[in-house]
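Starting from the given sequences, assemble the full structure and let the hints guide the process.
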Amino acid sequence: NAGVTQTPKFRVLKTGQSMTLLCAQDMNHEYMYWYRQDPGMGLRLIHYSVGEGTTAKGEVPDGYNVSRLKKQNFLLGLESAAPSQTSVYFCASSKREDQETQYFGPGTRLLVL
Amino acid sequence: LAKTTQPISMDSYEGQEVNITCSHNNIATNDYITWYQQFPSQGPRFIIQGYKTKVTNEVASLFIPADRKSSTLSLPRVSLSDTAVYYCLVTFGNTGFQKLVFGTGTRLLVSP
Chain B
703 NAGVTQTPKF RVLKTGQSMT LLCAQDMNHE YMYWYRQDPG MGLRLIHYSV
753 GEGTTAKGEV PDGYNVSRLK KQNFLLGLES AAPSQTSVYF CASSKREDQE
803 TQYFGPGTRL LVL
Chain Z
1024 LAKTTQPISM DSYEGQEVNI TCSHNNIATN DYITWYQQFP SQGPRFIIQG
1074 YKTKVTNEVA SLFIPADRKS STLSLPRVSL SDTAVYYCLV TFGNTGFQKL
1124 VFGTGTRLLV SP
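Taken in order, these protein sequences are the chains called B and Z.
For the first sequence, this note's numbering begins at 703 and goes up steadily by one.
For the second sequence, this note's numbering begins at 1024 and goes up steadily by one.
Hints in this document: simulated from the structure, not taken from any laboratory.
It should be emphasised that the depicted structure is a prediction, and the values quoted were computed from it without experimental measurement.
The beta-carbon is built from N, C-alpha and C at its ideal position, and this holds for glycine as well.
Treat the hints with caution; some may be incorrect.
Said to hold, decoys possible - Label pairs and their computed distance ranges (CB to CB):
hint: 1; chain 1: Z; residue 1: Ser1064; chain 2: B; residue 2: Leu815; range: 19 to 27 Å
hint: 2; chain 1: Z; residue 1: Ala1089; chain 2: B; residue 2: Gly755; range: 39 to 47 Å
hint: 3; chain 1: B; residue 1: Met721; chain 2: Z; residue 2: Thr1076; range: 44 to 52 Å
hint: 4; chain 1: Z; residue 1: Thr1079; chain 2: B; residue 2: Asp728; range: 27 to 35 Å
Unchecked claim - Derived contacts from chain Z toward chain B, CB cut-off under 8 Å, selection only:
hint: 5; residue: Asp1054
hint: 6; residue: Pro1063
hint: 7; residue: Gly1066
hint: 8; residue: Arg1068
hint: 9; residue: Leu1123
hint: 10; residue: Phe1125
hint: 11; residue: Gly1128
To be verified - For lysine to aspartate or glutamate, the following EDC-like pairs were computed, each having C-alpha atoms within a straight-line distance of at most 16 Å:
hint: 12; chain 1: B; residue 1: Lys773; chain 2: B; residue 2: Glu754
hint: 13; chain 1: B; residue 1: Lys797; chain 2: Z; residue 2: Asp1034
hint: 14; chain 1: Z; residue 1: Lys1026; chain 2: B; residue 2: Glu761
hint: 15; chain 1: Z; residue 1: Lys1122; chain 2: B; residue 2: Asp800
hint: 16; chain 1: Z; residue 1: Lys1122; chain 2: B; residue 2: Glu802
hint: 17; chain 1: Z; residue 1: Lys1122; chain 2: B; residue 2: Glu799
hint: 18; chain 1: B; residue 1: Lys797; chain 2: B; residue 2: Glu732
Set out below in structure tokens:
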């Protein structure tokens, strides 16, 4: 039982490049979330999904796209990376009936040059 | 505007009790207040959750006053391994998808 896993752990991009961050969970959770964490700003919600095939915008969605083709996977895409997207990205999942109890992955550290 | 406020940092010594408060006006009336702990290079992990009054588990206690405008995480007899960042998570709004908002975090440093 791995919980929530994220791939990759670390990545360096040049401005304008694209990439996809992968999140996988094996707890059969309905809800999944992508956050970014920046110094002094805590965790900010980028996008979330309440089920397979559905996604919605969070607090800071601009510059990101997501997809949830399978219940266990939630992908975060950056189509054209910008230095402002340098951050640590966390994926989380929860049960539908208990959204406050979230299980987090280990994070992906992204540096955009 | 949904907002939570936490102290940026706190210092303590081993064996002391530490209380970290999160202020959150106008939170949802029927939802939990949750606290998380985060160590460097790791994702946050659940510590404790409560709705009102007091909740205690093997790790911490959570105090929530009747007006629910704040909550206090209490860590009894902290050790060096309690050095971490602590976040509160509250819910704003009572309809549709709950608007979950993390606080900005409190960095706790425990010294010998």
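Hint check:
no.: 1; hint: Ser1064(Z) / Leu815(B): 19 to 27 Å; verdict: holds (21 Å)
no.: 2; hint: Ala1089(Z) / Gly755(B): 39 to 47 Å; verdict: holds (42 Å)
no.: 3; hint: Met721(B) / Thr1076(Z): 44 to 52 Å; verdict: holds (47 Å)
no.: 4; hint: Thr1079(Z) / Asp728(B): 27 to 35 Å; verdict: holds (31 Å)
no.: 5; hint: Asp1054; verdict: holds (7 Å)
no.: 6; hint: Pro1063; verdict: violated (10 Å)
no.: 7; hint: Gly1066; verdict: holds (3 Å)
no.: 8; hint: Arg1068; verdict: holds (7 Å)
no.: 9; hint: Leu1123; verdict: holds (6 Å)
no.: 10; hint: Phe1125; verdict: holds (4 Å)
no.: 11; hint: Gly1128; verdict: holds (5 Å)
no.: 12; hint: Lys773(B) / Glu754(B); verdict: holds (5 Å)
no.: 13; hint: Lys797(B) / Asp1034(Z); verdict: violated (35 Å)
no.: 14; hint: Lys1026(Z) / Glu761(B); verdict: holds (12 Å)
no.: 15; hint: Lys1122(Z) / Asp800(B); verdict: holds (13 Å)
no.: 16; hint: Lys1122(Z) / Glu802(B); verdict: holds (10 Å)
no.: 17; hint: Lys1122(Z) / Glu799(B); verdict: holds (14 Å)
no.: 18; hint: Lys797(B) / Glu732(B); verdict: holds (6 Å)
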